[in-house]
Each structure stands twice: as structure tokens, then as C-alpha cells.
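If you read the protein sequences in the order shown, they are chains L and Z. Start counting the first sequence at 1; every next residue gets the next number (our numbering). Start counting the second sequence at 114; every next residue gets the next number (our numbering).
Among these hints, one or two may not hold up.
What the hints assert, rightly or not - Below, a list of computed lysine-lysine pairs in the DSS-like style, where the Cα atoms sit at most 30 Å apart: (1) 219(Z) with 57(L); (2) 182(Z) with 162(Z); (3) 182(Z) with 57(L); (4) 182(Z) with 9(L); (5) 9(L) with 162(Z); (6) 219(Z) with 171(Z); (7) 219(Z) with 181(Z); (8) 162(Z) with 57(L).
Stated by the list, open to error - Chain L regions said to be covered by chain Z (calculated; three or more residues, Cβ under 8 Å): (9) 43-50; (10) 102-110.
As the list claims (entries may be wrong) - Label pairs and their in silico Cβ distance ranges: (11) 153(Z) with 80(L): 25 to 33 Å; (12) 227(Z) with 75(L): 27 to 35 Å; (13) 63(L) with 158(Z): 40 to 48 Å.
Keep in mind that the hints were calculated from the coordinates and are not lab data. Cβ atoms here follow ideal geometry from the backbone N, Cα and C, with glycine treated the same way.
So you can see what is in the structure, the chains are spelled out below.
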Amino acid sequence: DSGVTQTPKHLITATGQRVTLRCSPRSGDLSVYWYQQSLDQGLQFLIQYYNGEERAKGNILERFSAQQFPDLHSELNLSSLELGDSALYFCASSVRGGSGELFFGEGSRLTVL
Amino acid sequence: AQSVTQLGSHVSVSEGALVLLRCNYSSSVPPYLFWYVQYPNQGLQLLLKYTSAATLVKGINGFEAEFKKSETSFHLTKPSAHMSDAAEYFCAVSDQRGYSTLTFGKGTMLLVSP
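Extracted from the complex, chain L is given alone in its bound form (with noise of 0.2 Å):
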């Protein structure tokens, strides 16, 4: 159990929804990371926030948000569902300063139709 806790493990929705992805993550981390696995794509980072404020941009489209709130979970928000969407969503926490080791989540099974 890495510490971090991700819901909802399993999402079945239809084009064209929005959906909410919600993390907690470890006990005293103030970063989290969001990631997206695909069979084509791989893993593929999309966003990182540190303590609230939003750090770092992958290749998140405009169609998804995310963000931290004051007791550091985060939500990760993805509208205008489309069918190449569905993909293992991964959010993960790490220590401030840290050397860049990353704690992740078991991850919310999206599947668009």
C-alpha cells in the first residue's frame, strides 16, 4: 500500500460526459502528480501540483483540469468525454524536495462509449 488512495477504481461513461477523478495522497506530501496510461501512449505525465498551486504542465488537454485544494487532495476533471479517453488515470504524491521518487495510486480504470 503506497499511501496513496485514488477513487473511483472503475468508470464505464458514454461520450460527450464529464467525469471527476479524485486523489488523497500520502500523509505529509505536499505534490501531486497525475498520469495517464494507455496501451499507445504509455505513461504519459499530465499535471503536477505543490501545495495548492499548479507546477507543472504535461500533455494534458484543454478538454481535462485539475486541482489541489487546502487539505492537498486533488481532482482531476475530464469533460467532453471522447472514446480515445479511456485510459488508466494514475495520480501520484511525493515528498517536498524530494529526489524526484514518486508514490502512486492503483489508479481509476476510465472507459468511455
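Fit chain Z to the supplied structure of chain L, relying on the hints for placement.
Then chain Z, alone, in the frame of chain L:
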């Protein structure tokens, strides 16, 4: 920009045989390097990491990796494969600035046969 190349999307070994998973990196600054393992339907778990201390790094479950700057490589090895090692392995790179993100390779699926 940083990148990682993992040679071979699938590697098959027999139980008891040597495991060698290859990783080459590209980084304009001194890197941190990582190997993660992903078992089916689970998240990624850290196997080992190189953070500029020792070039030979030992991790969990008998795995180790050697940082070779001249070859820009960080290959993962295990002397004797076990059936439970069957999983997908990811090499990743970040820089040493403290808040950088990890860039992952495409992954290598390790298959272990009896």
C-alpha cells in the same frame, strides 16, 4: 528535455535465468533514474533509484541496476528470475532540481516461464 528508451517491449526468460531489462536515457542535466514495476491491475511500485550516490544500486526483490554515464544507460538485472517477477517494468528519468516530473519509458513486459 529528458527521455527514456527501453529496448524490447517484451522479454521472455525461464525461471532461474538471468533477467536483463535495458534502459537508455537522454538528459541535459545530471539525472535521477528509477525503475518501477507494475503488476496486473495495480499501480507502479518503486524497485530502485539512482540519485548520484553509488553507481550500482540495489533494490527490492533482488533487482539491481548500474548507472553508466558514458553509455547513458541504467539497465536492470536480476541473477535468477522467479515466476513472481512477471510484470511490466518501467524506467524513468528526472533531473536533480527537486521538483521535476518523471518521464517514463514505454515499459518492458517480463514473461517468466517454468
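Each hint, compared with the structure:
Annotation: proposed proximity of residue 219(Z) to residue 57(L) holds, straight-line Cα distance about 20 Å (limit 30 Å). With a C-alpha separation of about 15 Å, the suggested pair residue 182(Z) and residue 162(Z) falls inside the 30 Å cut-off, and the hint holds. At most 30 Å may separate the alpha-carbon atoms for a hinted pair to count; residue 182(Z) and residue 57(L) meet this at roughly 28 Å. Taking the CA atoms of residue 182(Z) and residue 9(L), the gap is near 40 Å; set against the 30 Å cutoff, the hint is violated.
Note on residue 9(L) and residue 162(Z): the hinted pairing holds, with a Cα-Cα distance of about 28 Å set against a maximum of 30 Å. Our distance criterion of 30 Å between C-alpha atoms is met by residue 219(Z) and residue 171(Z), whose separation comes to about 23 Å. Restraint check: the Cα-Cα separation between residue 219(Z) and residue 181(Z) comes to about 21 Å, which is no more than 30 Å; the hinted pair holds. With a C-alpha separation of about 24 Å, the suggested pair residue 162(Z) and residue 57(L) falls inside the 30 Å cut-off, and the hint holds.
Remark: the segment 43-50 of chain L is confirmed as covered by chain Z, as 4 of its residues place a Cβ nearer than 8 Å to a Cβ of that chain, reaching the required three. Residues of the segment 102-110 of chain L lying with their CB closer than 8 Å to a CB of chain Z number 6, which satisfies the three-residue condition for coverage. Between residue 153(Z) and residue 80(L) the beta carbons are some 31 Å apart, a value that agrees with the proposed interval 25 to 33 Å. For residue 227(Z) and residue 75(L), the Cβ-Cβ distance of about 45 Å falls outside the hinted range of 27 to 35 Å, so the restraint is violated.
For the pair residue 63(L) and residue 158(Z), the supplied restraint of 40 to 48 Å is violated, since their beta-carbon distance comes to about 31 Å.
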